[in-house]
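Colleague: Full structure from sequences and hints, please.
Number of protein chains: 2
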Amino acid sequence: MMNSVPGFLASGISSGIKSDNSKDLGLIFSEKPATAVGVFTTNQLKAAPVILTQEKIKNGLAQAVIVNSGNANACTGKLGFQHATSVSEKVARELKIDNRLVMVSSTGIIGVPLPIERINTHMHRLVSSLSPTGLTDFSEAIMTTDTFSKTILRKASIAGKDVTLVGIAKGSGMVMPAMATLLAYFLTDLSIERSLLLELFREVIQSSFNALTIDGETSTNDTALILANGFAGNEILRGDTNELTQFKNLLKGVAEDLSRLILKDAEGSTKIVQITVKNALTREEAQKIAYKVANSVLVKTAFFGEDPNWGRIMSAIGQAGAAINPAKIAIWFNDVMVAQNSCRAGNIRDAQAILKLPEFRVTIDLQCGAACADIATTDLTIEYVKINSDYPT
Amino acid sequence: MMNSVPGFLASGISSGIKSDNSKDLGLIFSEKPATAVGVFTTNQLKAAPVILTQEKIKNGLAQAVIVNSGNANACTGKLGFQHATSVSEKVARELKIDNRLVMVSSTGIIGVPLPIERINTHMHRLVSSLSPTGLTDFSEAIMTTDTFSKTILRKASIAGKDVTLVGIAKGSGMVMPAMATLLAYFLTDLSIERSLLLELFREVIQSSFNALTIDGETSTNDTALILANGFAGNEILRGDTNELTQFKNLLKGVAEDLSRLILKDAEGSTKIVQITVKNALTREEAQKIAYKVANSVLVKTAFFGEDPNWGRIMSAIGQAGAAINPAKIAIWFNDVMVAQNSCRAGNIRDAQAILKLPEFRVTIDLQCGAACADIATTDLTIEYVKINSDYPT
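Chains as they are written, first to last, in this note's numbering: chain A, 441 to 833; chain B, 441 to 833.
Hints should not be assumed to be uniformly reliable.
Given that identical chains are not distinguished, each listed pair holds provided it fits within a single copy or across any two copies.
Derived pair list, reagent style BS3-like, types lysine-lysine, alpha-carbon separation capped at 30 Å [to be verified]:
{"id": "1", "residue 1": "K718", "residue 2": "K530"}
{"id": "2", "residue 1": "K704", "residue 2": "K496"}
{"id": "3", "residue 1": "K496", "residue 2": "K768"}
{"id": "4", "residue 1": "K496", "residue 2": "K530"}
{"id": "5", "residue 1": "K768", "residue 2": "K518"}
{"id": "6", "residue 1": "K728", "residue 2": "K692"}
If you are wondering where the hints come from, they were derived from the structure by calculation, not from laboratory data.
Computed from a prediction, not measured in an experiment: that's the story for all the values here.
Modeller: Here you go:
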C-alpha cells in the first residue's frame, strides 16, 4: 500500500465550505497517541486554530488532526476561538479520544466566521471515512489555490526497523514562511523522544520551508506538525545517534521535496530561482539580502521576462540594509558571471540562455565575510496578478 | 511666460542615448550661482553621479544641473565616476563657469557604461539651446518609463516680492523613496540662507516624496535638488519668520502635487490608495505597518481586483514586526468600517463601491498609542508586470 503509514488513518470529504463542492475537510487519526511537535507562523495576527493547536501540542502528544480549507478562521475574534474549540471537541467525541489530543488547522479566506454547522453536519461522515489509504483524500481536502496536491512518502531502515515517513503540504501563494510554513503535516511510525523530535523538526523546517518565498507574505495560519506514533517498533530514539541522523536525512529529504512541490505550484509562476548569497559578514546579513532580492518585484518581473537584469539585483542588494562593500559585489547566473566589483563583467548574451531555463541559480558574492544563505523563489507573472486580483472576498 | 523662473534657463535634447531618439539630455542653468541643497537615495549602491553631486553640493552653491536619461551610470565602477566627472567638466567649460557649481544626475538602465561620446558630441547644442522657456524640454529629457512629464509651477508673494517656484520630477517605477526620491528638481528665485533651505527641504520631502511607494523599490539614483538664485530680490530669508512659512507652504504644495503626478503615472496602476495608520505606539511603528501594507503584493492585487479584502491587510499588519494589540485593530475603507477588534464589522457590500473609485483611503486604527503615518500607494496590475518584464537589458 503506497500511500499509508502504519498506525495512521486519514480521510477527506466535501462539507460545503468551498462553494465548488470540492473537498474541504480532512482528518488524520493515529491508532494510538503519537509524539507530536509543531512550528507555527510568526505573523502576530495568528488564526484561532493556530493559537489553540500551539497550546495543545505543548503536551507533546497528538492523536488526531482536523483541517478545513476554504476558511482560515483568522481575524474572527472570540467566536473564531469558540469555533476552533468546538470543532476539536466534536472530533474527540466522534473518535472517542481525549480532546487534548486533537489538533486543528484552517486555511482559506481571512475574516469570515467559520461555517461551523457544515463541519458539524459532516463530522460523522468524515470520521467514518477514515482509512489507511485516506491520505490522498486528506491532501486534496487541504488545498486552496493549489493546482495539485502535495504528498511525499519515503521509507528507510532505522535501528533495524522499516520506518515510513509521509509529508503532506498545501500552499501556492501568501508564502514566505518564517519559523513555519503554510500547512504541512508529517506522519511517521518511528518511535522518538519528544524534545529530540522538536529540535530535529525545527532544524529541518529551517532549511526547507523556511528557505523559500513566493511573494514575501507570511500567512496568519502557517502550521507544520509532525506526529510519530511508534508503530515501527524501534527502540525509542533518545540521543544523537546514527539512527537519529538516518531519520533526520529521511525527514530532510521529504521536507525539501515538499518545498519544491510548493514552489512548482507557486501561483502563476514559470520559474524556480535559487538565490544564493555567499561571503557575507553574518548569516543574518546574507539572509536579509537573499530575501530582499527574492522578494523584489522588479527582480521577479525581470525573471518572468527572461531578462538577465543584474542591475535590478544590485539595486535590491543596496536596499537590504545589510553590511556590504558597495564596490566588491559579484553576480552569477548559474556559472556565468555578469558582474564583478559591482560592475558589468562577462557576456550578457551567455546569461540570456540561462534565464530561459525553468530553473536556475543567482549567486551573489559579497566578498566581505564567510557566511551564506540560500533562498528559493519564483518569478512574478501576469498570471499571479490575475489569480490574486480575482480571489473573491 | 508660464513655464519659467526668473534667472533660470533650461534645455532638453536628444543625444542618442535612448534608442528611440526621444529627448535624453537636459540642462538647467542659473544666471548666477544659486543657493543649493539636495537629498539623495539611501540605497547603499549609489550611482556615480549621486556620489559626485552629493559631494559637490556640500559647498551650498550650484549654477548648473545636467541630467541624462536612458542610462543610470550606476554599478559602473571607477569608469562611471570618471564619466560623471568628465560630463561635469565639459558642461563647466561650455558654460564658462566653475566646475564645482555643476551638478550631475543620471537615470535609466543600471550597469551599462555611460555613452559619454554621445553626450560630448551634443554638449554644445545642449548649451546653445538654453532658454527661459526650456523647462518643458528639460522635463521631457529626464523621463524614462514616465508616460507624461511632470512640472508644477507656482507663484507667491513673499516679503513683498513675487516669488516663483517650479518643481520638475520623473519617476513611475522603482519608486519607494527613502530620504530622497527618483529625480526631482526645484528652482526658485527666492533668496534664502542655505542651512534654512536644507532644513525646510528635508522636511517637505519627508511628507511628500518620502510618503509614497509604488513598488517598494528604492533606486540607486534617487536625487532631489533645490536651487534658489535670489532673482526675486527679497531680503535673504534667515530665520523662522512668516516669510519662511509662506515659502514652506509654497514648496510643500508643489512637492505634494508632484508626488501625486508620480503616483498617477505609476507603472500600469489604476488606483491611488492612501494608507493611514493611526493610534500607533510610535511614528516608526506606524510607518513600518503603513509600508508593509502599501508594499504587500497581495494587498495591491486585491486593490486591482477592487476587492475589499481586509483580511490581507490584517495579515500584512501582522507581519510588520511592529508593536500591535492583535485583538484591537480596526480597518476602514474611506468612511466604511470593515473590521473592528480585528474581526469583521459593517457591511462589506458598502466597501465594494469604494474599491471601485480611482482614489480611496485605507485607515488602520491600532488603538495602542497616539502616533500616525500616511503613505500613498497604487495597485499592482497586469500592466505593471508587462512593463517590467519587458524592460530591455
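Colleague: Are the hints correct? Go through all of them and say.
Modeller: The hints, checked one at a time:
For the homomeric pair K718 and K530, neither the shortest alpha-carbon distance inside one copy (51 Å) nor that between copies (41 Å) is at most 30 Å. In this homomeric assembly, K704 and K496 never come within 30 Å of each other (Cα to Cα): the closest approach is 33 Å inside a single copy and 50 Å across copies. Within a single copy, K496 and K768 get their C-alpha atoms only as close as 50 Å, which misses the 30 Å cut-off; across copies the closest is 25 Å, which meets it. In the homo-oligomer, the alpha carbons of K496 and K530 lie at most 30 Å apart inside one protomer (16 Å), although the nearest pairing across protomers, at 73 Å, exceeds that limit.
For a Cα distance limit of 30 Å, the shortest separation of K768 from K518 across copies, 12 Å, qualifies, whereas the shortest one inside one copy, 54 Å, does not. In this assembly of identical chains, the alpha carbons of K728 and K692 lie at most 30 Å apart only when taken from the same copy (24 Å versus 35 Å across copies).
Consistency with the previously given hints fails for numbers 1, 2, ordered from lowest to highest.
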